[in-house]
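Student: Take a look at the letters that make up each chain.
There are 2 protein chains.
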Amino acid sequence: MSIPSPLPDPLVELVAERFRVLSEPARIKLLDALRAGPASVGELAARAGLSQQNASKHLGVLHSAGLLERARTGNTAQYAIADPSVFTLCELVCDALRDRYSALQAVIPPPQAPIGR
Amino acid sequence: MSIPSPLPDPLVELVAERFRVLSEPARIKLLDALRAGPASVGELAARAGLSQQNASKHLGVLHSAGLLERARTGNTAQYAIADPSVFTLCELVCDALRDRYSALQAVIPPPQAPIGR
DNA sequence: CCTACTTACAACTGCTTGGTTGTACAGCTG
DNA sequence: CAGCTGTACAACCAAGCAGTTGTAAGTAGG
Chain A
1 MSIPSPLPDP
11 LVELVAERFR
21 VLSEPARIKL
31 LDALRAGPAS
41 VGELAARAGL
51 SQQNASKHLG
61 VLHSAGLLER
71 ARTGNTAQYA
81 IADPSVFTLC
91 ELVCDALRDR
101 YSALQAVIPP
111 PQAPIGR
Chain U
1 MSIPSPLPDP
11 LVELVAERFR
21 VLSEPARIKL
31 LDALRAGPAS
41 VGELAARAGL
51 SQQNASKHLG
61 VLHSAGLLER
71 ARTGNTAQYA
81 IADPSVFTLC
91 ELVCDALRDR
101 YSALQAVIPP
111 PQAPIGR
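In the order they appear, the protein sequences are chains A and U.
Per the working numbering, the very first residue in the first sequence carries number 1; after that it's consecutive.
Per the working numbering, the very first residue in the second sequence carries number 1; after that it's consecutive.
Please keep in mind that the hints were generated in silico from the structure rather than gathered at the bench.
It cannot be assumed that every hint is accurate.
To be verified - Some chain A residues close to chain U (C-beta under 10 Å, calculated; not the full set):
#	residue
1	I28
2	A96
3	S102
Stated by the list, open to error - Non-contacting residues of chain U with respect to chain A, defined by C-beta distances greater than 12 Å in every case (computed):
#	residue
4	L7
5	S23
6	G74
7	A80
8	A82
9	A106
Bear in mind that the values here come from a model prediction, so they are computed numbers and not experimental data.
Beta carbons: idealized from backbone N, C-alpha and C, even for Gly.
Take these sequences, add in the hints, and give me the full structure.
Tutor: Pasting the structure below:
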């Protein structure tokens, strides 16, 4: 374990910030869209079902967070994954969610889909 | 890869929600405090440097998210980690952050600590 | 029974931020 | 040069949430 026991405050902030960047459905969709490979803003917006402005905004957030790389080629901007660990994070969460809900499904007489906040 | 390619919307929501729960420094501190083992609200509040009400509130959030287990014994409430995967998540983020900042340190003539938003 | 203690909840405030709208800027094309 | 396309930025509105304050409920102890 290379992590100090009382997490220093600055590290706590950075970790929370990283999670905050990933806490938005639109950004998860964009990252998901990037699983198919690098693409332009318009292409990603289409894949994720977002407006061009909204996609650009969220891509900017992901880029400033260091999760994406940007490459401008002529008139278009190519975004690509800069930190592949985000996929590992998402997979871990998906596994945990699957475990949780399968556990729930084993307990509840399920009347309907468990989705609904 | 057991994860569908265009992530279904409900799953996207759940993943984002999980990250949102982890996107708060106070909650990261509480989880960090729980690395030393289960403890009462007051104890955790002290460890994390939070007020009792604030700690209770955030512990409630973590509990509703399924990350913590609650056990009331007499007058006190014992909270414990229910989903150890959160630690894996935090370690992954810490590693990624370390990589990122070491990469930055290799580029920048570092005048000072790179922490500072 | 009365007091002290621990936990949880409700109300309030201020800040942050997501999505939209409008627009500016840069590059390609004819 | 003019028009079109792709991208980014700024301003606005509305919703959500963190932290505080106050307090209620439940338990243990004298």
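Student: All the hints need checking, so say for each whether the structure fits it.
Tutor: Going through the hints against the structure:
1. Taking 10 Å as the C-beta contact cut-off toward chain U, the hint placing I28(A) at the interface holds, the least distance being around 5 Å.
2. The beta carbon of A96(A) comes within 5 Å of a beta carbon in chain U, closer than 10 Å, and the hint placing it at the interface holds.
3. About 12 Å separates the beta-carbon of S102(A) from the nearest beta-carbon of chain U, more than 10 Å, and the hint is not met.
4. Here L7(U) does not stay apart from chain A, with its beta-carbon only about 4 Å from theirs, under the 12 Å limit.
5. Not every CB of chain A lies more than 12 Å from the CB of S23(U), the least distance being 4 Å, so the non-interface label is violated.
6. Against chain A, the non-interface label of G74(U) holds: every CB pair exceeds 12 Å, the least being about 27 Å.
7. The beta carbon of A80(U) sits about 16 Å from the closest Cβ of chain A, which is more than 12 Å, so the claim that it is off the interface holds.
8. Separation of A82(U) from chain A is inadequate, the least Cβ-Cβ distance of about 9 Å not exceeding the 12 Å criterion.
9. For A106(U), the non-interface assignment is confirmed: its Cβ lies about 14 Å from the closest Cβ of chain A, beyond the 12 Å cut-off.
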